[in-house]
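All chains, please: the whole structure from these sequences, using the hints.
In case you want the letters, here they are:
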Amino acid sequence: MPKSYLQFRPVYFLLIFIFLSACTSRPTAEAVSKFSVALKGASSSVELGLSEIQRLEVAVNDAKEAEDFIRYDDANLQFNRNENLVDAVIVPRIQFFNALSKYADSLSTAVSDDQIDKVRAEFLKTGKAFNELGKSVANHAGISFPADYAVKASEAFSNLAAFMVEEKLNREIPKIVSSTHDDLKAGVEAFKKDLGDPKAGGFRSVLNDSVKILIGQKKKYLLVIKAEGKTSKAALYSEVLKAQAEVRKLKNTDRLLAAIPKTLDELIKAHKALMNPKDKTTLGKIEVFFDRAKELQAILKELKA
Amino acid sequence: MDETYSQARKIISEAITVFEIAEDTAEGYQQLVLLDIIEIFREERKKIDVANLSQSNSVYAALTEGIKSAKVELDKLTAEIKEIIKVAEQAAQVLGALVKVIAFAAKVAI
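Protein chains in written order, with our numbering: chain A, 1 to 305; chain B, 1001 to 1110.
Treat each hint with caution, since some may be false.
[Unchecked claim] DSS-like, lysine-lysine: derived pairs with alpha carbons at most 30 Å apart:
no., chain 1, residue 1, chain 2, residue 2
1, A, Lys185, B, Lys1047
2, A, Lys64, B, Lys1010
3, A, Lys185, B, Lys1086
4, A, Lys168, B, Lys1086
5, B, Lys1010, A, Lys199
Since the hints were derived computationally from the structure, they do not count as laboratory data.
In structure tokens:
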């Protein structure tokens, strides 16, 4: 073993210690990807469900205005007269899930393997150029040029740079994920509670009442046109079928809301996994780096000679 | 608020059930009136449900700020990593320059 390597051995051990400390808590790209997918799924489900409640609120208000117009001769058709009850409670929740979605995007970008690959690719490109040049020199001059070693040295540098990126991620990501987890969990738990039960308050109950109010509106509309006696039985039957189809569609929304807690649980689980992942791959990269470092020393020796 | 809310909700819900049972057997104008009453009660129940939900609006606002701060930290981290990549690219350029130096040295040696 070369003397210079032995001389710096304590430094290498110190580096290995730092590497090992860091790599025990690094979230893998796979774990981050899983979390991002779970978060996107949950966020879009929540947004869809909440938007549906907003849409129903508008539909209820429109139906009331239409009813006034049909039932009362002296009613003037006025738009946007009724208060929108739900916006005030829906907007802060949508903002929370939007922020979560963007947070997942940033996390995914930060941990992306592409960045590490980019560093590695840049060095390997130079290494290959080195190799080509070596062959060219060897062909023309008939001298021995250690081109293969040069490529390996380039790999060593690339691994070092890639390691620098990984080491930073190892240190920073768990800190950020840990600091966010409580907020994320609190928000998700609060929202699960907010969804509630159709019989005990919460968003599912609000949705249920809006659907039932609309059903009542349909019934009243049909009663009024039936009482007028101007509509044929066939037309009335067609109206009943249309109303029934619409109501069936509205009721499906509750299934969407009912499925959200399970998705949110998956989300929390995936995020928690980012705090305690097990990634042993970094150690392997360090070993490769030291092998290449030794070879680099050999190259330098040969070049000097 | 919670107990008052639950009590109010229970009373309204019971009233809705009673009027719905009556509406099932009613006809004509009577049914129309009962549907109006049920609608009023449902609107009232919605109002108190929404009011109860609005109590935690500020909690979400605070949590949203926390998540946004974490996003800022992550973006900073990405920027720092980009800086490392930039340094790596510069180092690669140095390697490239080294190739040229060696080529020159080889020519001289020849």
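Taking the hints in turn, this is what the structure says about them:
Distance hint between Lys185 of chain A and Lys1047 of chain B is fulfilled; the C-alpha atoms sit about 28 Å from each other, no more than 30 Å. For the suggested pair Lys64 of chain A and Lys1010 of chain B, the alpha carbons sit about 26 Å apart, so the restraint of at most 30 Å is met. Taking the CA atoms of Lys185 of chain A and Lys1086 of chain B, the gap is about 37 Å. The hint is violated against a cut of 30 Å. Pair hint Lys168 of chain A plus Lys1086 of chain B holds up; C-alpha atoms about 15 Å apart against a cutoff of 30 Å.
With a CA separation close to 10 Å, the supplied pair Lys1010 of chain B and Lys199 of chain A stays within the 30 Å bound.
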